[in-house]
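**Student:** Residues per chain are reported as follows:
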Amino acid sequence: MPEKAERILRLRGIGKRFGAVQALSNVDLEVYAGEVVAIVGDNGAGKSTLVKILSGVHPQDSGTIEFFDTTTTIDSPTDARDLGIATVFQDLALCDNLDVVSNLFLGRELHRNGGLDEIEMEQRAWTLLRELSAKLPSVRIPVVSLSGGQRQTVAIARSLIGDPSIVILDEPTAALGVAQTAEVLNLIERLRERGLGVILISHNIADVQAVADRIVVLRLGKNNGDFRVADVTSELIIAAITGAADYSVKKTVPAPTLTAVAR
Amino acid sequence: MNSRSPTPGSQTSLREANRARIVESLKHHGHLTQVELAGATGLSPATVSNIVKELSASGVLHTESASRSGRRAIEVTLARQLGLVAGLHFSSRHLRIAISDIGRTVVAENHVPLALEHRHDSELNRAALLLTDMVESVNASMADILAVGVALPAPIDARTGMVSTPGLLRGWEGVSVAEVLGTRIQRPVFVDSEANLGGLAEFRAGAAKGAGGAAYIRVGHSISAGMIVNGSIFRGVTGKAGQIGHVTIDENGAICRCGSRGCLDTLAGGPALLELFRDDPGMQRLRDLLVRAEGGDASARRVIADAGRHIGIAAASLCNLFDPERLVIGGELAQAGEILLAPLRHALERSALQGLGGFPEVVQGELGDRAELLGCLAFAIDHVGVDADFRAISASNFATG
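These protein sequences, in sequence, are chains A and B.
Just so we're aligned, residue 1 is where the first sequence starts under my numbering, counting upward by one.
Just so we're aligned, residue 1 is where the second sequence starts under my numbering, counting upward by one.
These aren't lab readings, by the way, just hints derived from the structure by calculation.
Heads up, the beta-carbon is just placed ideally off N, CA and C, and yes, glycines get one too.
A portion of the hints provided could be inaccurate.
Pair by pair, the computed Cβ-Cβ distance ranges are [said to hold, decoys possible]:
#: 1; chain 1: B; residue 1: 53; chain 2: A; residue 2: 140; range: 19 to 27 Å
#: 2; chain 1: A; residue 1: 62; chain 2: B; residue 2: 255; range: 53 to 61 Å
#: 3; chain 1: A; residue 1: 194; chain 2: B; residue 2: 44; range: 55 to 63 Å
Distance condition first, Cα-Cα at most 20 Å in a straight line; then the derived SDA-like pairs of lysine to any residue [said to hold, decoys possible]:
#: 4; chain 1: A; residue 1: 52; chain 2: A; residue 2: 99
#: 5; chain 1: A; residue 1: 135; chain 2: B; residue 2: 137
#: 6; chain 1: A; residue 1: 135; chain 2: B; residue 2: 111
#: 7; chain 1: B; residue 1: 53; chain 2: B; residue 2: 15
#: 8; chain 1: A; residue 1: 135; chain 2: B; residue 2: 110
#: 9; chain 1: A; residue 1: 135; chain 2: B; residue 2: 74
#: 10; chain 1: A; residue 1: 135; chain 2: B; residue 2: 108
#: 11; chain 1: A; residue 1: 135; chain 2: B; residue 2: 129
#: 12; chain 1: B; residue 1: 27; chain 2: B; residue 2: 39
#: 13; chain 1: A; residue 1: 222; chain 2: A; residue 2: 12
#: 14; chain 1: A; residue 1: 135; chain 2: B; residue 2: 240
#: 15; chain 1: A; residue 1: 135; chain 2: B; residue 2: 107
#: 16; chain 1: B; residue 1: 27; chain 2: B; residue 2: 54
#: 17; chain 1: A; residue 1: 52; chain 2: A; residue 2: 12
#: 18; chain 1: A; residue 1: 135; chain 2: B; residue 2: 106
#: 19; chain 1: A; residue 1: 135; chain 2: A; residue 2: 117
#: 20; chain 1: A; residue 1: 135; chain 2: B; residue 2: 42
#: 21; chain 1: A; residue 1: 135; chain 2: B; residue 2: 367
#: 22; chain 1: B; residue 1: 209; chain 2: B; residue 2: 139
#: 23; chain 1: A; residue 1: 52; chain 2: A; residue 2: 222
#: 24; chain 1: A; residue 1: 135; chain 2: B; residue 2: 132
#: 25; chain 1: B; residue 1: 53; chain 2: B; residue 2: 113
#: 26; chain 1: A; residue 1: 222; chain 2: A; residue 2: 95
#: 27; chain 1: A; residue 1: 222; chain 2: A; residue 2: 44
#: 28; chain 1: B; residue 1: 27; chain 2: B; residue 2: 325
#: 29; chain 1: A; residue 1: 135; chain 2: B; residue 2: 139
#: 30; chain 1: A; residue 1: 52; chain 2: A; residue 2: 15
#: 31; chain 1: B; residue 1: 53; chain 2: B; residue 2: 42
#: 32; chain 1: B; residue 1: 240; chain 2: B; residue 2: 175
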């Protein structure tokens, strides 16, 4: 019996306005379990607004959010966390002076006999980091002494502590060197293998093509294409981002051909 | 290569030839005892013992006491301080990098997922940076790297160092990778196809070890074979030997990226298999297909079995032409094990000529997804020689193998 992947998240007709600026209009997005969906677009395309709606920073003006086929609302970051949506923002929001374990369990510390259960927390931290094949020298050193890739690893590991079903990564490879980018890309593969839905926001088309299964293009706050990675070339994605090609028709676009760009 | 080559036929030249024999067999086998060395080189145990003593005194070889079936023995390896080699395997979706010492112990390893249609400029750039990083992480410098072996997912023409056939690896056409990367890192680079190097690794230290003749069939994003004939890789004139992914299976089939129709790749290559699950968002990579098949999903198992059957037909032709002793199946899809292998064997036995000993053996590779990478390292070590002054040198700069 063919068991298809489960749909975790479905956004329909999402709209968001900030004063005179229509940041998002009528945006659709679907994420399945074990799938990496990349959201790409130019500056001001609405990527960050979409992430903020999903992480509960601000609610949408119109449209519906379905989580595991149940319509729901995300009014606050707590709602998002309780649903199982974890977000790793670009600035990572780590406490530089605390060690890795304290960062992972910040606000969710484990207690025992009225004190902190440091041993249990450290053990869980190691288990998690090992599952992610993370390369860290120690979990008891302050985060400030880690490299950019390692800090990203810690931030992603922290997002997994609450057992989410979707992880949103906002520009995880921006400002990282080649070796550190490799580390983060491998980490995204691990998340996918754990059966999580991953939403990846990135400017780097090569990185996106390396790890994503599907690429959703936003342009000026609207959908401009939803492609399976196997079907597209980087030229097509760039054409969709810049508006040289128009894929704004509603519903998933079938396998596009080069003639679409020529037109 | 030899600055002061001795008079031919003299005692000195004989000793040098014997020395070279010992170094060569250690490059092939990694580590051997003195007795095994005598067997492998055909030299007398006394000669072996003398040369080993001389070479370990000058730091070329390293000896260690060991025991073989209860007897004391001296195990010989090439000395680590001779230098390091690097291997780069660019597959369709992954870049794997490793650094090993000359005794084939891997000291650093890394990998990165790659975009589907990756291109030579950005990927070689990335590889050079990653390699530099890794060299530093083992406290060495680029100058310690004696040779770099590179595997690409396409046939390579040894005469030009470029991809031999258009269409198979679009982003890498018309570029001599050995030259571009060699200039970039200032180290000698040697390039070959992934199937050839995977085959080399399985022949030296994996499932094809000891086979008189073997073919390594790599089943993944594309299908290709590396053929070992008389102990070395058979490449053909332009490097295209073994490209069984482009054997015609269906005269009226789908158009292949090579320009032909109904090639094996269009029926059993990775994209063709995944295309059958187009409407299923959970089926985007070969890994997904393998996980499903392992979980008992009937359609996934059927698709892999059909691929095995098609590959078996092409493999039968290969067997009839080259008569190998063993077929080693590697690449991502080989992880499906008997789900792939049993139908492959069945199809092979229907169309291949039967010998007195039956059909060629069909086995799964032993080195898994690292076969090609280990092949790159072995290929690089093959190009390292030891000159008359006991310095490790690399055969010829910027040449392809």
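**Student:** Against each hint, give a clear statement of whether it holds in the structure.
**Tutor:** Here is what the structure says about each hint:
1. 53(B) x 140(A): 19 to 27 Å: About 50 Å separates the Cβ atoms of residue 53(B) and residue 140(A), which means 19 to 27 Å is violated.
2. 62(A) x 255(B): 53 to 61 Å: 45 Å, violated
3. 194(A) x 44(B): 55 to 63 Å: 59 Å, holds
4. 52(A) x 99(A): Cα-Cα ~28 Å, so violated.
5. 135(A) x 137(B): Roughly 13 Å between the alpha carbons, so the hint for residue 135(A) and residue 137(B) holds.
6. 135(A) x 111(B): 13 Å, holds
7. 53(B) x 15(B): 13 Å, holds
8. 135(A) x 110(B): 12 Å, holds
9. 135(A) x 74(B): 38 Å, violated
10. 135(A) x 108(B): Distance ~13 Å between residue 135(A) and residue 108(B) Cα, so the pair holds.
11. 135(A) x 129(B): Status holds; Cα separation ~19 Å.
12. 27(B) x 39(B): 15 Å, holds
13. 222(A) x 12(A): With a Cα-Cα distance of about 12 Å, the restraint between residue 222(A) and residue 12(A) holds, given a limit of 20 Å.
14. 135(A) x 240(B): Outside the cut-off at roughly 40 Å; violated.
15. 135(A) x 107(B): Judged against 20 Å, a Cα distance of about 16 Å means the pair holds.
16. 27(B) x 54(B): Status holds; Cα separation ~18 Å.
17. 52(A) x 12(A): Holds, at roughly 16 Å.
18. 135(A) x 106(B): Roughly 18 Å between the alpha carbons, so the hint for residue 135(A) and residue 106(B) holds.
19. 135(A) x 117(A): 24 Å, violated
20. 135(A) x 42(B): 47 Å, violated
21. 135(A) x 367(B): 24 Å, violated
22. 209(B) x 139(B): 34 Å, violated
23. 52(A) x 222(A): Holds. Residue 52(A) to residue 222(A) sits at ~16 Å (cutoff 20 Å).
24. 135(A) x 132(B): Cα-Cα ~18 Å, so holds.
25. 53(B) x 113(B): Not satisfied, since the Cα-Cα distance of roughly 46 Å exceeds 20 Å.
26. 222(A) x 95(A): 36 Å, violated
27. 222(A) x 44(A): 11 Å, holds
28. 27(B) x 325(B): The hint is violated at about 24 Å.
29. 135(A) x 139(B): 18 Å, holds
30. 52(A) x 15(A): 13 Å, holds
31. 53(B) x 42(B): Satisfied, since the Cα-Cα distance of roughly 18 Å is no more than 20 Å.
32. 240(B) x 175(B): 17 Å, holds
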